[in-house]
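Protein chains: 2
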Amino acid sequence: MTSDSQPTPHPLRPLTDEELSRARDLVVEKHAGDGVALFFRSVYVDEPKREELTEYLIAEHAGQTPKTRIPRQVTVLFDRVKDGVPQLTEEIVDVEAGEICRTKEFPAYCQTSYTAAEFGLFHDICVASDMFKTAMEEFSIPEDFTITIDPWPYGGLDPEEDVPRYMQGLVYARKKTDNNPDANHYGYPIPIIPVMDMATKNMIRVDRLATGGKGDSLYPSPPSDKPKELFTHGQSAEYAPELLDRPLRTDVKPIDITQPEGASFKVHSDNLVEWQKWRFRLGFTPREGAILHDVCYDGRPILYRLSFSEMTVPYGDPRPPFQRKQAFDFGDGGIGRAANNLKLGCDCLGAIHYVSTVVANPEGKPDVAQNVVCMHEQDNGIGWKHTNFRTDRAVVTRLREFVIQFIATLANYEYVFAFKLDTAGGITVETRATGIVSVVPIDDGKVSDYGNVVFPGVLAQNHQHIFAVRIDPSIDSYSESETAVVLEESHPIPMNKETNPFGNGYEVRRERIESAMYTDAEPKVNRTVKMENVNKKNPISGKNVGYKFVPNATQLMLADENSTQAARAPYAKHHLWVTGYRDEELWAAGEFTNQSKKEEGGVKAMVERGDWFVDTPSASSEKGQRSHPVVWNVFGLTHNPRVEDWPVMPVEIHQFHIRPADFFTSNPALDMPGKKNETSVLLSCCGKTESPQTNGEKSGSTQADPLTHQQGTGDDIDPKKLQNGNGATDKENKRKSTTLSKIFAWKKEST
Amino acid sequence: MTSDSQPTPHPLRPLTDEELSRARDLVVEKHAGDGVALFFRSVYVDEPKREELTEYLIAEHAGQTPKTRIPRQVTVLFDRVKDGVPQLTEEIVDVEAGEICRTKEFPAYCQTSYTAAEFGLFHDICVASDMFKTAMEEFSIPEDFTITIDPWPYGGLDPEEDVPRYMQGLVYARKKTDNNPDANHYGYPIPIIPVMDMATKNMIRVDRLATGGKGDSLYPSPPSDKPKELFTHGQSAEYAPELLDRPLRTDVKPIDITQPEGASFKVHSDNLVEWQKWRFRLGFTPREGAILHDVCYDGRPILYRLSFSEMTVPYGDPRPPFQRKQAFDFGDGGIGRAANNLKLGCDCLGAIHYVSTVVANPEGKPDVAQNVVCMHEQDNGIGWKHTNFRTDRAVVTRLREFVIQFIATLANYEYVFAFKLDTAGGITVETRATGIVSVVPIDDGKVSDYGNVVFPGVLAQNHQHIFAVRIDPSIDSYSESETAVVLEESHPIPMNKETNPFGNGYEVRRERIESAMYTDAEPKVNRTVKMENVNKKNPISGKNVGYKFVPNATQLMLADENSTQAARAPYAKHHLWVTGYRDEELWAAGEFTNQSKKEEGGVKAMVERGDWFVDTPSASSEKGQRSHPVVWNVFGLTHNPRVEDWPVMPVEIHQFHIRPADFFTSNPALDMPGKKNETSVLLSCCGKTESPQTNGEKSGSTQADPLTHQQGTGDDIDPKKLQNGNGATDKENKRKSTTLSKIFAWKKEST
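In order, the protein sequences belong to chains A and V. Per the UniProt record's numbering, residue 1 is the first one in the first sequence, and the count goes up by one each step. Per the UniProt record's numbering, residue 1 is the first one in the second sequence, and the count goes up by one each step.
Since the hints were made in silico from the structure, they are not lab data. Bear in mind that the values here come from a model prediction, so they are computed numbers and not experimental data. Do not take every clue at face value.
Unchecked claim - For lysine-lysine, the following DSS-like pairs were computed, each having C-alpha atoms within a straight-line distance of at most 25 Å:
#: 1; chain 1: A; residue 1: K104; chain 2: A; residue 2: K365
#: 2; chain 1: A; residue 1: K277; chain 2: V; residue 2: K253
#: 3; chain 1: A; residue 1: K497; chain 2: V; residue 2: K597
#: 4; chain 1: V; residue 1: K420; chain 2: V; residue 2: K548
#: 5; chain 1: V; residue 1: K675; chain 2: A; residue 2: K343
#: 6; chain 1: A; residue 1: K446; chain 2: A; residue 2: K228
#: 7; chain 1: A; residue 1: K676; chain 2: V; residue 2: K343
#: 8; chain 1: V; residue 1: K420; chain 2: A; residue 2: K253
#: 9; chain 1: A; residue 1: K537; chain 2: V; residue 2: K446
#: 10; chain 1: A; residue 1: K214; chain 2: V; residue 2: K548
#: 11; chain 1: A; residue 1: K343; chain 2: A; residue 2: K420
#: 12; chain 1: V; residue 1: K446; chain 2: A; residue 2: K543
#: 13; chain 1: V; residue 1: K675; chain 2: V; residue 2: K266
#: 14; chain 1: A; residue 1: K675; chain 2: V; residue 2: K343
#: 15; chain 1: A; residue 1: K598; chain 2: V; residue 2: K420
#: 16; chain 1: A; residue 1: K537; chain 2: V; residue 2: K548
#: 17; chain 1: A; residue 1: K253; chain 2: V; residue 2: K277
#: 18; chain 1: V; residue 1: K537; chain 2: A; residue 2: K214
#: 19; chain 1: A; residue 1: K343; chain 2: V; residue 2: K676
#: 20; chain 1: A; residue 1: K446; chain 2: V; residue 2: K536
#: 21; chain 1: V; residue 1: K446; chain 2: A; residue 2: K536
#: 22; chain 1: A; residue 1: K573; chain 2: V; residue 2: K214
#: 23; chain 1: V; residue 1: K266; chain 2: V; residue 2: K277
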């Protein structure tokens, strides 16, 4: 209970330098004198418990002073290293009280994500090791190449495997072209994978890779007597403009996106964002990147929390050791940790607001990750339109979107993530996959069933990306028990005299999810997930107010049910999971994915717990508890690479749309002004702009645009002859086509 | 053979006024003195035969003078009315030779699309008729309302029904608010449907509509003794800004999209368009709207023709006469005929090129439909990106798109269609559904299984929109026999010691389509349609060069297999059809959809013909002929309306992507310049623009952005304190986060 006149700081405010330092110092102090070294992995805010935060939010939105002051807790994750043995430890620190309130020590098999420092370490020790040098003697590499290693997670353990914290490296050569460190080494993979013990810093072994093609063995052939000559083809795999084997296009004219009157959004303190009736708090975590808290529209809550939770990238090459090639880019890496420092005019166009975040360096001290999130408005074409055919009056408004974007680089690969709020009350969740596909060597001239040859000697392996988005709804209420999840489907009704005499009728079926479960997308019945408030009805339709989305029926994980790949990511085997809410449960594949053999504490475990969402549980659900439903939407892409994905792949875009369903009493974008944009210009045939006087206002000539033009000369049309009419009215243009409005103008409308 | 020095006019050049008049005059001349009246329906270019056009295109692209001069033929479709009986007739006129070369008279049951003139006629005769007046006596309507009728296609005939050309009307009242003709009458439906014989101009009957709710009869109740009072609730259904029940938003700041150096595309004569290595000829037909002919990239053909072919909108309300409520917006209406006259700065933002078209009025004389297509470039976010984690060097390019857009109004409803070419060699086909949902009356206070109450007394019926896109490929060759269609799928391999010892392997299966067939989308196996050139291999991968798309597994038509709705549109029952090419076969549901009982000459008939695509047909295909494969992609939306879809629905967007698959030897967008856009600006927290000096160049402060800001005051942050760093380098900012590049900078890379 705070009684002073200072406003209570918002529990979702971002971490500060001072808080981070304070938490770190308290941890250092606690462990001082133990004879241990501390290796800091990450420091971030411990999110408030839902019950406490909900109470706060209700008061906040009611304009009241929240009664409870939520303790400010910070999580410090670190290795406590004694006698060379690291103990992964988590201390939750109350930075205001100045005390450690909770300590967790994790079992040795729990491997948290790698840090940048570990990556650097791996590289140095590996290249200096005799084991690596010996392995490299198998190959002869042209003199103008240098060795480069991409450190990678060791991946999932085989059932019989029991190893400490390992890291492996994908080995490449880089052409020393112009001494340019941005030459693309991924064009020159070398068929070995060194493995290191991260605790002892010892090289464990060097795995050798099979390099055969169709019909060849799954296993590597023994080394030949003399070094194998690599990289003799001389072709270019470069993408950096100064190294490119072709000139850059010179005919891409700039598109400028400007907001001369400023943007329509506001960013307040404590990362409160307001835009076009939307309001949310932006969060950012080392693992998830940007997250949206307390998403409201016009003062009504919709989502308590929206986040990307996990993504796994299983590779479909059956040759060992590629069964271990399965990245968990959130659990093994961390999208927030890997977030790009975004650049104005490159990553984001227009009027942009950037957000930075405080992170811990290996000593646990604060650093700033600059511009990890960008926010801006954009135009996405027509939002709604209707033309009255009687009067020819068109009312047209644009679809305006507010984009929250962040980008992560995971070694070779890039992901662009975005949440897009729009003026029609919708939320689009978008992923773009780009970057460089992961490649392995293949013998010259061979092709493979396991991937595509995208460059001489380079096999881009077939793989999948399977994303999980966590949606914690608060549909028009912060109460945990008011939200229901309903599956709505459209089914045919067999033709029958009583209810469907002509066979055109179909039926909408609804089924409320009563207990934790999973299911799949089913477009055959248009399966739609509705998140509804069971107590609030739409005054027009009488139905529960809600938001809905249609899960995309993208391909699920292909790996065999009994494989380690599948066991590590059961979430990737179904499109939709509905689980009972528990504080701190944010991870679709569980907290520790790195070197896991199977999921622990992910959505599968949550479902097995048997929580229920109705007042009276069914018998089978009795072991869990009455819970608030959390929805996990799983989608992905099967990526059998194209040559066009080389050397950097064009974005592959996936989206799903969370849209209001009887949440409002009419189109929420109805009050969008249909104002004509005054800077748009008419172009003549040849890309040249018309003189301003003819910009749609004074035009009216019906001659000489391409479709009515008559001379088949093959030459460009003289731009001076091209003044296309735009919006010409009947008065201005007697040769306007016979439209309905004209017909109706001829008649006298009945009155 | 042309031997003069004049270049041969391009066979895909648009129709001219003169050609249209000439064709019409020749038809009038032919029928003069027959004692007949001619009612002109449409006049358009008769597209050249594929064989002839192909020969021309090959010569054109080789820079040679085409040997054959293709006859210039124009189709004139008209009613030849004798003694009040119309005979639908098509004359193909050679406008250069000045002769009619072909005449087709259609059987009486073939009903072509309605013209605007017919719509106007219906309205006048109906409201003046005693039959309509008597029917209206059942209702009492407030004095400030006037009657308005939307003419509609009569729809599919029931099996036993045999009627001449009919039209029906949906009857509404319109509030005479401010005498504004744009008041929304759709909020006030009246439960009768008048039906007229279009030949005799006689009213046939007035159907009465059931207005009950859940559990009520499928059939209308008999009229009560005294008139039923309608529209007493007084609520507003308006969308026109001047009539709106709420103020327009005033905080939507403009987004200006400008191209100060002009656009990057060129439109030449004979509607040749060039943009960023793309080249195509734009066509426009009364039925399809815009179509793309001869789509090439970097001189290599990809698609011979790309078009929207049909869309059916079946309604799922089983109550008669709604079994007939099934629009075919291409066959019954015509997207080109219904195309909007687009407005600069409203329908299209930026630097826009408009295209108009010549159409025939009811007298067969030329009119111009202004600005029916707009073309422009747009930015669609990041196109490809890679950051080298060692150097922190990001190379990022934008995804530039070229949009060909057209919009059609079909009474209450709008569709926005677009083809989008992009810099990565991709083609996106997009539809946006908007406009006013079709509604019927429902008794006050009732709800229905057949739709949603979106306004008092107004039921928006459940329905579907099912689109067919016709793709005629010419993959790297104009030769008809070189293109193959292949289904490629990714399948799990059961775990087994020999080929998949760890269970992570999966298999890519290919099956060439050998004869005409249909199938469905199957995301479970990632079913992908590849259009390949069987003779041209990608020099890198060794695979056939190709383009591919993944058919979306959207819900197919729900109507019972034995229903008239299903019989009229078999195409809507499967996602993918592959048929043998024949000239003039462009229509998924056949040429005549209006009042059809079943498809004739649509994709079902084409498949049944049994054409084959390989040199040696299988036994079952022997009845057809060796053909070039044409691909039809079917997708749609099941639209069970939301209250948010009222009064004008926010766009519902559907897309599919035709993308290169080993067509190129690397990412075709590799040469896109990653030039920084100089007009993008930084925003402080409050939507205000930073002063230009701080635009990303001189910034470096790491303080005081929302996520690092520390004072929880609840007030806005002072914008002066907010100068977010952007692109700060290590030199400029010592508190940059611990990134890999820093780690690697610490180490000396092995050489």
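Hints versus structure:
1. The straight-line distance between the Cα atoms of A:K104 and A:K365 is roughly 21 Å, inside the 25 Å bound, and the hint therefore holds.
2. Between A:K277 and V:K253, the direct Cα distance comes to roughly 14 Å. Compliance with the 25 Å bound is thereby established for this hinted pair.
3. Note on A:K497 and V:K597: the hinted pairing holds, with a Cα-Cα distance of about 20 Å set against a maximum of 25 Å.
4. The hinted pair formed by V:K420 and V:K548 meets the criterion: a straight-line CA distance of about 16 Å does not exceed 25 Å.
5. For the given pair, V:K675 sits about 11 Å from A:K343 by alpha-carbon distance, which is consistent with the 25 Å threshold.
6. Annotation: proposed proximity of A:K446 to A:K228 holds, straight-line Cα distance about 16 Å (limit 25 Å).
7. Between A:K676 and V:K343 the CA atoms are separated by roughly 9 Å; this keeps the pair inside 25 Å, and the hint holds.
8. For the proposed pair V:K420 and A:K253, the alpha carbon gap of about 18 Å is at most 25 Å, so the pair holds.
9. A hinted pair counts as satisfied when its Cα atoms are at most 25 Å apart, and A:K537 with V:K446 qualifies at roughly 15 Å.
10. Simply put, A:K214 and V:K548 have alpha-carbon atoms about 23 Å apart, close enough for the 25 Å limit, and the pair holds.
11. A hinted pair counts as satisfied when its Cα atoms are at most 25 Å apart, and A:K343 with A:K420 qualifies at roughly 19 Å.
12. At most 25 Å may separate the alpha-carbon atoms for a hinted pair to count; V:K446 and A:K543 meet this at roughly 12 Å.
13. Of the pairs offered as hints, the one joining V:K675 and V:K266 holds, with about 22 Å between alpha carbons and a cut-off of 25 Å not exceeded.
14. For the hint pairing A:K675 with V:K343, the CA-to-CA distance comes to about 11 Å; that is within 25 Å, so the pair holds.
15. For the suggested pair A:K598 and V:K420, the alpha carbons sit about 43 Å apart, so the restraint of at most 25 Å is broken.
16. Under the criterion of a C-alpha separation no larger than 25 Å, the hint pairing A:K537 with V:K548 is inconsistent with the structure, at around 45 Å.
17. As the CA atoms of A:K253 and V:K277 are separated by approximately 14 Å, the hinted pair is consistent with the 25 Å bound.
18. Only pairs whose Cα atoms come within 25 Å are accepted, and V:K537 paired with A:K214 is accepted, the gap being roughly 18 Å.
19. For the hint linking A:K343 to V:K676, the alpha-carbon distance of about 9 Å falls within 25 Å, and the restraint holds.
20. Between A:K446 and V:K536 the alpha-carbon distance is near 18 Å, which keeps this suggested pair within the 25 Å criterion.
21. Of the pairs offered as hints, the one joining V:K446 and A:K536 holds, with about 18 Å between alpha carbons and a cut-off of 25 Å not exceeded.
22. With a CA separation close to 39 Å, the supplied pair A:K573 and V:K214 exceeds the 25 Å bound.
23. For the suggested pair V:K266 and V:K277, the alpha carbons sit about 11 Å apart, so the restraint of at most 25 Å is met.
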